[in-house]
Amino acid sequence: MKALYTAEALSTGTGRDGHVRTPEGTVDLDMATPTEMGGSGNGANPEQLFAAGYAACFHSALNLVAGKAKADVSDSTVGGRVQIGPDDKGGFQLAVQLEVVIPNLPHDQAQELADAAHQVCPYSNATRGNIEVTVTVSDD
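Those letters in the sequence shown? Residues -15 to 124, by my numbering.
None of these hints come from the bench; they were simulated from the model.
C-beta atoms are modelled at their ideal positions from N, C-alpha and C, and glycine is treated no differently.
Some clues are possibly wrong.
Claimed, not checked - Simulated restraints on C-beta separations:
hint, residue 1, residue 2, range
1, A79, P7, 14 to 20 Å
2, D12, Q103, 32 to 38 Å
3, T120, G22, 17 to 23 Å
4, D12, D123, 34 to 40 Å
5, G22, D71, 31 to 37 Å
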């Protein structure tokens, strides 16, 4: 792969209860295990960061495919939800739900664009076949 961009981040401390920072400082967060997993919840967690990254990346892919289709997605939103739970091997697994809202388009056209975005989004391509990803188009 010819890289167009490379992101870097450094985790210090104990991972889920440590700190993450990018070299340029645009991400500089204390991390905390969620209370639902026995932690304090007083910081960001990897699942939140993954949800934010996936939602933003998918939204960019949606704008890309909409531009090619000359469709108006100017008021669109993409919400990301990442769940973590035990797998059957003693470890953990993730599941993702994306909710796409495109108020300016009929539901069928919005669904077509969301499906097309799911084919070009780098996060979708990275997770396809590895974790369950559900893309839902809502009317509001």
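Hints not upheld, ascending by number: 1, 3 and 5
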